[in-house]
Every structure is written in C-alpha cells, then in structure tokens.
Amino acid sequence: MTTVKTSLLVSVFLLFAGGNAGAEITPYSDPLELGDYVQDVNGLLERAFNYDRWQLKSGPEENTYIGSLSHREIDVTVRISVQDQVLTLSLESAFQTGCASPCNDLGDKRPVDGWLINLRRAIALELTTLVRDELLSQM
Amino acid sequence: MKRLGIIVLLACTGLAMAAPAPLVVDKKVKKSVRAKHIEAVHLEIPTGTSDLTKIRYAIVQGMMLTKGRVWTYEGEGDGSIRARFDYRGHTIAVQIEYNEELVQIKFHGGSEAYQCKVLIDDGICYRNHDNYYKYTPNLRASIVQQLQAL
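Just so you know, the protein sequences line up as chains A and B, in that order.
Mapping the first sequence onto my numbering, position 28 (from 1) lands on 28, and the numbers just tick up by one.
Basically my numbering = 1-based index in the second sequence + 139.
It is worth saying that the hints were derived from the structure and are not from the lab.
Positions of the beta carbon are idealized from the N, C-alpha and C atoms, including for glycine.
Be aware that a few hints might be false.
Claimed, not checked - For the chain B half of the interface with chain A, some residues (derived, Cβ under 10 Å), not all of them: (1) Leu162; (2) Val164; (3) Asp165; (4) Ser189; (5) Tyr212; (6) Asp217; (7) Asp225.
Stated by the list, open to error - What follows is a list of derived Cβ distance ranges for each label pair: (8) B:Glu183 / A:Glu24: 46 to 54 Å; (9) A:Asp36 / B:Leu289: 19 to 27 Å; (10) B:Val168 / A:Gln96: 32 to 40 Å; (11) B:Asp190 / A:Ser58: 25 to 33 Å; (12) A:Ile66 / B:Val168: 29 to 37 Å; (13) A:Arg79 / B:Glu183: 36 to 44 Å; (14) A:Ser58 / B:Lys256: 25 to 33 Å; (15) B:Asn270 / A:Asp52: 20 to 28 Å.
Said to hold, decoys possible - Far from chain A by the CB rule (all over 10 Å, computed), these chain B residues: (16) Arg173; (17) Lys175; (18) Val209; (19) Leu258.
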C-alpha cells in the first residue's frame, strides 16, 4: 500500500513539475487553430504565400495543400493539412536544385527551417487579421 | 490516503483556476531579472470595460500593433488567447488570459533558449532569457494602449 501511495505521489508531482517549463514549441509544425474565423482556406493560403517566393502548387486534395519554393539552389516542398479547422505544416522534401532524387541530405538545414518558419508566420499573420476583423465586426 | 486526496484536489483546483489574477512578485524566489521586469510582462491590466468582445478585440489588435515585431494568433480557449512571437529562429508563446476585470499575459512555451526556468502560479515566469523581458513587455504595453482606446 505504501508503494502505491508513493507512486501516486510521485506521479502527481511529476505531472505538475513537468509543466513548469511550459508547452513544447516546435519551429514550424505546431498546429494553428483556424476556428470559425476562416471560411476560405484557399484564399488565406494564397495571400500568405504572396509574402514570399512560395508557390501554392496544388490543393485542396483530401484537405491537403502542397506548396513549393526554389531559393538559393534548394527546392523545398511543403505539405499543409487542414483537419477540423486546425492547420498544420510539414516539410515534404528539401534537396539541392538539379540533384537526382533521393538526395535529401542538405547538411545544414537551418535555412530551410527558417523559410518554413516564415511561411507559417505569414499564414498566422493572415489568420490574426481575420480574427481582428471578425471581432471588430461583432462590436 | 487522505493526504494524497488533498494533494490531488489542490493540484486539480490549480489547473481549473487559469484566469488573470493580481500579480505579487515573490521576493523569496530566485529570479534572473528584477521584479519590475517580471511586472512589465505579467502585471495584470484592468480592462476598463466588461464587454468581452471588446476586450478580445483589444488583445488581438494589441498583438498586431506591438512595437517592433508583431505577435500572431495561435488559437483560443475559454477566457484566453494564445499568441506567438517568432524572431531570428527563436519563439516565445504566451497565453493572454482575460475576464471582465483583468487581462494578464502568462508564459505558455518557448524554443530552447526561451524555456522558462522558474514558472510560478501557472504562468508567471521568474527566470528566462533576457530577451523574454525585452520583447514581451512591448506586447503588454500595446494591449494596455488598445484597452485604453476602447
């Protein structure tokens, strides 16, 4: 019985101690909650893609959009999924331009991460504007 | 077993109480910055109105008009809006909690360098990267300005 009590106490402690550093944040794959603010996901993405050199290649097919970027001799493909009004962004591929596939080993991937962070931020900025406008219309 | 029950109850109560509250910086807790820097981020803001739509608008407008780099909307819950700040590969995420009287910024998460080392009272960060206490006060100041403009 003592062992059970000790285990429970340790579990409760770990449950709350674990939350002390805050939520785990990833560079670009954290979900974005669109809620009821976005009726036209395609329009939102087109506006966001205009911020940079990204191109919206296809979608929506099964709630998935594909985008691409060719920059500094690197070809990047990104997958954007929208499920239950939650948008998530993931890296599909990144390789040197002209490199025969498969050749995904870029060595230093930091520039690609940076481009994906910027794309996610552009989408989030568009979403923020929609949220602000909707709240303003309700006032 | 009775003691265990009390601990679980207190813990659960703490989870349910995610709401803005007057900030009192605990002087006994070892901090990385002075109390005034913690207050510049986490001090509660009087709303000046009980209209929750107006309060939410002021928060989001404040995010968009923050001096320097703006904060983006990430989602919301009952009485809170999550906001994110991405800059030079680093990220700070906060939860902006509100009710009819107060608005308060709480730490939600951060990239590696911006993990809160000492997190008290479900969101008050006493120890973090110096830039956390440099960027986040701009958000608070902007929300104050927007609430005053309502």
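Against the structure, the hints come out as follows:
1. At a threshold of 10 Å, the smallest CB-CB gap from B:Leu162 to chain A is about 18 Å, leaving the interface hint violated.
2. With a cut of 10 Å, the hint placing B:Val164 at the interface with chain A is violated, because the nearest CB-to-CB distance is about 17 Å.
3. A hinted interface residue such as B:Asp165 counts as satisfied when its beta carbon comes closer than 10 Å to some beta carbon of chain A; here the least separation is about 15 Å, so the hint is violated.
4. Violation of the interface hint for B:Ser189 is found here, the shortest Cβ-Cβ separation to chain A being roughly 14 Å, above the 10 Å cut-off.
5. Look at B:Tyr212: its Cβ gets to within about 4 Å of chain A, closer than 10 Å, so that hint holds up.
6. For B:Asp217, the interface hint is violated, the least distance from its beta-carbon to any beta-carbon of chain A being 13 Å, above 10 Å.
7. A cut of 10 Å between beta carbons decides the hint on B:Asp225: the least distance to chain A is about 5 Å, and the hint holds.
8. For B:Glu183 and A:Glu24, the Cβ-Cβ distance of about 27 Å falls outside the hinted range of 46 to 54 Å, so the restraint is violated.
9. Separation of A:Asp36 from B:Leu289 is about 23 Å and conforms to the stated range, judged on CB atoms against 19 to 27 Å.
10. Checked against the hint of 32 to 40 Å, the C-beta distance between B:Val168 and A:Gln96 comes to roughly 50 Å, which is inconsistent with it.
11. A hinted range of 25 to 33 Å for the beta carbons of B:Asp190 and A:Ser58 is inconsistent with their spacing of about 43 Å.
12. Checked against the given bound of 29 to 37 Å, the beta carbons of A:Ile66 and B:Val168, roughly 49 Å apart, lie outside it.
13. The given range of 36 to 44 Å is respected by A:Arg79 and B:Glu183, whose C-beta atoms sit roughly 41 Å from each other.
14. At roughly 44 Å, the beta carbons of A:Ser58 and B:Lys256 sit outside the given window of 25 to 33 Å.
15. Look at B:Asn270 against A:Asp52: about 25 Å separates their beta carbons, and that is inside 20 to 28 Å.
16. The Cβ of B:Arg173 sits about 22 Å from the closest Cβ of chain A, beyond the 10 Å cut-off, so the non-interface label holds.
17. In this structure B:Lys175 is separated from chain A by more than 10 Å, as the shortest Cβ-Cβ distance comes to about 22 Å.
18. With 10 Å as the threshold on Cβ separation, the claim that B:Val209 sits away from chain A is violated: the shortest Cβ distance comes to roughly 7 Å.
19. Not every Cβ of chain A is farther than 10 Å from the Cβ of B:Leu258; the closest lies at roughly 5 Å, contradicting the non-interface assignment.
Hints 1, 2, 3, 4, 6, 8, 10, 11, 12, 14, 18, 19 from the earlier list are contradicted by this structure; the remaining hints agree with it.
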